[in-house]
Amino acid sequence: MPIKRERLVPEGLLLLRNNILTKGNIFGASSKAKWASGLGLPSQKETLLFAGCGYQFLGGAEATLSAVRALDKRGLPWEQTLGMTSFLNKLGINLGELYGKLTHRARLSGNPLRNAVEVLQGMDIAFGYLAEEEPCCAAPLYYAGFQEEFGARAFETQRQLQERGILRLIGMVPSCTYALRELFPRFLKGWEVEVRHFMEIVWEKIKGGMQFRLPQEVTVTYHDPCVLSRNLGLTEAPREILRSIEGVEFAEVERNKEEWSTCCGGGGGFEVIFPEISHILAVNRVKELLATGASVICTSCPGCLIQLREGVKELKAEGVQVMDMAQLLRDALPEG
Amino acid sequence: MSKLKAYKKRLQEAAHDPQISIALERAIASYRKNVDEALKRFPHTLKLAEEVREIKKQSISQMEELVEGACEAIRENKGQAFVARTPAEALEIIDGIVGSGKLIVKGKSLTGEEIDLREHLEERGNEVYETDLGEYIIQLLGIKPMHLLAPAIHVPKEEVARLLSQVTGKNIPPDIQAEVATVRGILRDKFFRAQIGMSGANVVAADTGTLFQIENEGNIRLSSTAPPVYIALVGMEKVVPTIEDAFKVAEVTWRFAGYTVPAYVNLVSGPSKTGDIEKVTTYGAHGPKEMYVIFLDAGRSRLAQDPVFREALYCLRCGGCLYECPLFAVTAGRFGDKYFGGIGAIWTAFVTGDLAKAAPLTYSCLSCGRCKVRCPVEIDAPQMCLELRKRIAEGP
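Those protein sequences? They're chains A and B, same order as listed. Counting in this note's numbering, the first sequence runs from 1 upward without gaps. Counting in this note's numbering, the second sequence runs from 1 upward without gaps.
Chain A with its partners taken away, still in its complex shape:
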């Protein structure tokens, strides 16, 4: 009895699922590539930047989650708000896009994807971007328990990428990168696309002699996204990158680092199931990070970014900035 079973899946996850299945992105938006306007990225390249939903809709996601949390905190049925989202969608009004538009302009300059593009270009890496054609990795389906649907989407993604002769992907979102690198081989036959995370590519360039330099000295701590540290084992690169940047005083978070790092509270879809508790966990994590005395909390995941920013806001930690690694690297990119 599939209907009854579905009732056991939290509504927030069902909404993400519905968005992926109908619109090909977690946000249910009709456009995902607005962030890249004016960049002129080619679509035909063997290496692609895989931007991922989390970063493409960062501003919108931040605004929506914030609204949902405000409702959840007051014990109001926020799921119905999400329900209304799909109702409005049917009428052709996209709430997420609306939010996105409101925050789009403000965030364009600090947009981690635009920053990553500049960094990659600054390192002479040739890559393309599929823009509206970028398939969704569909990882939220996997996390919600809909593995068959995830497998079917993965199959479709493989077909699309094969057709275009894609050999390599540069992952940005940790969960997309994990899905493409670790889950796809489990669900597909003949998946041979090489998937690397953005930070791995940067670290390689730095090892090759490239030098990043910040205009002024700052103390930076690093928050390990769970998927990067515990699922993909990527703990050395971010630390080595930060240590190598001139002007960065790297302050390690004690104990809760690397494989012991504390979750930001947004793992496994938790923030769309228990938005308010998720907020409490974010605050707890930010407290640990603030204990380092750093003025910049650096991370490399859109989910963590949102969570940590909310935590910093809640704690009213003045002068503390949460930055994506791409953003920090862009600021430290050598001129010319």
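In case anyone wonders, no lab produced these hints; they're calculated from the structure. No residue lacks a Cβ here, since even glycine has one placed at the ideal position from N, Cα and C. Each hint should be verified, as a subset may be incorrect.
With a cut-off of at most 30 Å between alpha-carbon atoms, the simulated DSBU-like pairs for lysine-lysine come out as follows [claimed, not checked]:
{"hint": "1", "chain 1": "B", "residue 1": "Lys-289", "chain 2": "B", "residue 2": "Lys-273"}
{"hint": "2", "chain 1": "B", "residue 1": "Lys-8", "chain 2": "A", "residue 2": "Lys-73"}
{"hint": "3", "chain 1": "A", "residue 1": "Lys-287", "chain 2": "B", "residue 2": "Lys-40"}
{"hint": "4", "chain 1": "A", "residue 1": "Lys-287", "chain 2": "B", "residue 2": "Lys-190"}
{"hint": "5", "chain 1": "B", "residue 1": "Lys-57", "chain 2": "B", "residue 2": "Lys-190"}
{"hint": "6", "chain 1": "B", "residue 1": "Lys-289", "chain 2": "A", "residue 2": "Lys-287"}
{"hint": "7", "chain 1": "A", "residue 1": "Lys-73", "chain 2": "B", "residue 2": "Lys-40"}
Every beta carbon over 12 Å from chain B, so not counted as near; a handful from chain A, in silico [to be verified]:
{"hint": "8", "residue": "Ser-66"}
{"hint": "9", "residue": "Arg-164"}
{"hint": "10", "residue": "Phe-270"}
{"hint": "11", "residue": "Ser-295"}
Among chain A residues calculated to face chain B with C-beta under 8 Å, some are [claimed, not checked]:
{"hint": "12", "residue": "Ile-125"}
{"hint": "13", "residue": "Ala-126"}
{"hint": "14", "residue": "Gly-145"}
{"hint": "15", "residue": "Phe-146"}
{"hint": "16", "residue": "Ile-206"}
{"hint": "17", "residue": "Thr-262"}
{"hint": "18", "residue": "Gly-265"}
{"hint": "19", "residue": "Phe-274"}
{"hint": "20", "residue": "Ile-277"}
{"hint": "21", "residue": "Val-312"}
Let chain A serve as the given structure and place chain B on it in line with the hints.
Relative to the frame of chain A, chain B by itself:
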């Protein structure tokens, strides 16, 4: 969705209860410090833990045979042994031994908690005392435990003083030393007047039929020794092939529970006996004359057959994972049913409940994976939670 809503409400209340987060913050800090020190002083533990994972893996793949072997060994030792397939069967066996109107002293037992043993015995007209200090407080409060090893982890000393003053009719100060002494005074008499003692076991050796009990207070030792009848309720998954294996499992369990060494490790293999008069073996010397061991299945054999989830049976119940769970840190036992945390979701699905009951728990797991880093036997609870979600969303 109403079940999830009700659960979420409890979770949210807990998350806003400063008593829980403050108590947990302290408990987590001291646990981490203790386990670090214990591992530093006994560095071989990590290697031993790898061995224990292998022992558990082997044991679960032959669980039925091992339980059968343990039963035979216990009978050989003149104890009585049973396998109960369901909680109802276990309670029926226990009723047959206990009857009603008895005074019972009980060591803390999660397996007992699993089948609501104390409540059942009380309903049958018995007077039951939990003798673990924390569990005794929980019993007085009439609530459910919040942690495997520290059930009253969220109750401050002021609250304990209030409770004990009520029980004794005296004014007990909120002083931990005085509180411990008071409980000792209350329970001392019960141990020796009780007709029946009960406890669980941390690990059981199939070859000798020996139950291992790890403890610090000495209450299990008294419960299993002072009364004339002793009953142990043990999950089937606790049995390992040899007494040598059992020592390894026990050592890893207490070390990951944060102890260099516990005050007591009891090894109980049969009823008390003496041959001191004319070399004639006589039972019931200083300890119990009768010993009963009940191995509880209640879904464990089904779980042992499941290739995806059987790993859940490797759990030693050291409680280490809970101290690493960011959600447990603010909600304690509210993130759970009879068993807590991510691993608790799996146990709820197979042992104490069903998929519907496990759904809210498995969707509470952050899948952050830090519990797995702590787990001495590397149980991948987060991955199992995701697989459980698959069963929930797609069906078996």
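Comparing the hints with the structure gives:
1. For a cut-off of 30 Å, the pair hint linking B:Lys-289 to B:Lys-273 stands: about 8 Å separates their Cα positions.
2. As the CA atoms of B:Lys-8 and A:Lys-73 are separated by approximately 12 Å, the hinted pair is consistent with the 30 Å bound.
3. For the hint pairing A:Lys-287 with B:Lys-40, the CA-to-CA distance comes to about 28 Å; that is within 30 Å, so the pair holds.
4. As the CA atoms of A:Lys-287 and B:Lys-190 are separated by approximately 47 Å, the hinted pair breaks the 30 Å bound.
5. Distance hint between B:Lys-57 and B:Lys-190 is unfulfilled; the C-alpha atoms sit about 40 Å from each other, more than 30 Å.
6. Among the hinted pairs, B:Lys-289 with A:Lys-287 is inconsistent with the structure: their alpha-carbon atoms are about 57 Å apart, more than 30 Å.
7. Straight-line distance between C-alpha atoms of A:Lys-73 and B:Lys-40 comes to about 44 Å, which puts the hinted pair past the 30 Å bound.
8. With a minimum CB-CB distance of about 18 Å to chain B, A:Ser-66 clears the 12 Å threshold, and the non-interface call stands.
9. Every CB of chain B lies more than 12 Å from the CB of A:Arg-164, the least distance being 30 Å, so the non-interface label holds.
10. For A:Phe-270, the shortest C-beta to C-beta distance to chain B comes to about 5 Å, within the 12 Å cut-off, and the non-interface label is violated.
11. The Cβ of A:Ser-295 lies farther than 12 Å from every Cβ of chain B, with a closest approach of about 24 Å, so its non-interface assignment holds.
12. For A:Ile-125, the shortest C-beta to C-beta distance to chain B is roughly 31 Å, which exceeds 8 Å, and the interface hint is violated.
13. Given hint, A:Ala-126 at the interface with chain B, is violated; its Cβ is 35 Å from that chain's nearest Cβ, farther than 8 Å.
14. For A:Gly-145, the interface hint holds, since its Cβ comes within 8 Å of a Cβ in chain B; the closest pair sits about 3 Å apart.
15. The interface hint given for A:Phe-146 is met, as the beta carbon of that residue sits about 5 Å from the closest beta carbon of chain B, less than 8 Å.
16. Hint status for A:Ile-206 relative to chain B: violated, with the closest Cβ pair at about 28 Å, above 8 Å.
17. The interface hint given for A:Thr-262 is met, as the beta carbon of that residue sits about 6 Å from the closest beta carbon of chain B, less than 8 Å.
18. Hint on A:Gly-265 holds. Least Cβ distance to chain B is approximately 7 Å, under the 8 Å limit.
19. Given hint, A:Phe-274 at the interface with chain B, holds; its Cβ is 6 Å from that chain's nearest Cβ, closer than 8 Å.
20. Hint status for A:Ile-277: holds, given a least beta-carbon distance of 5 Å to chain B, under 8 Å.
21. Because the smallest distance between the Cβ of A:Val-312 and any Cβ of chain B comes to about 17 Å, over 8 Å, the interface hint for this residue is violated.
Hint compliance for this structure: hints 4, 5, 6, 7, 10, 12, 13, 16 and 21 are broken, all remaining hints hold.
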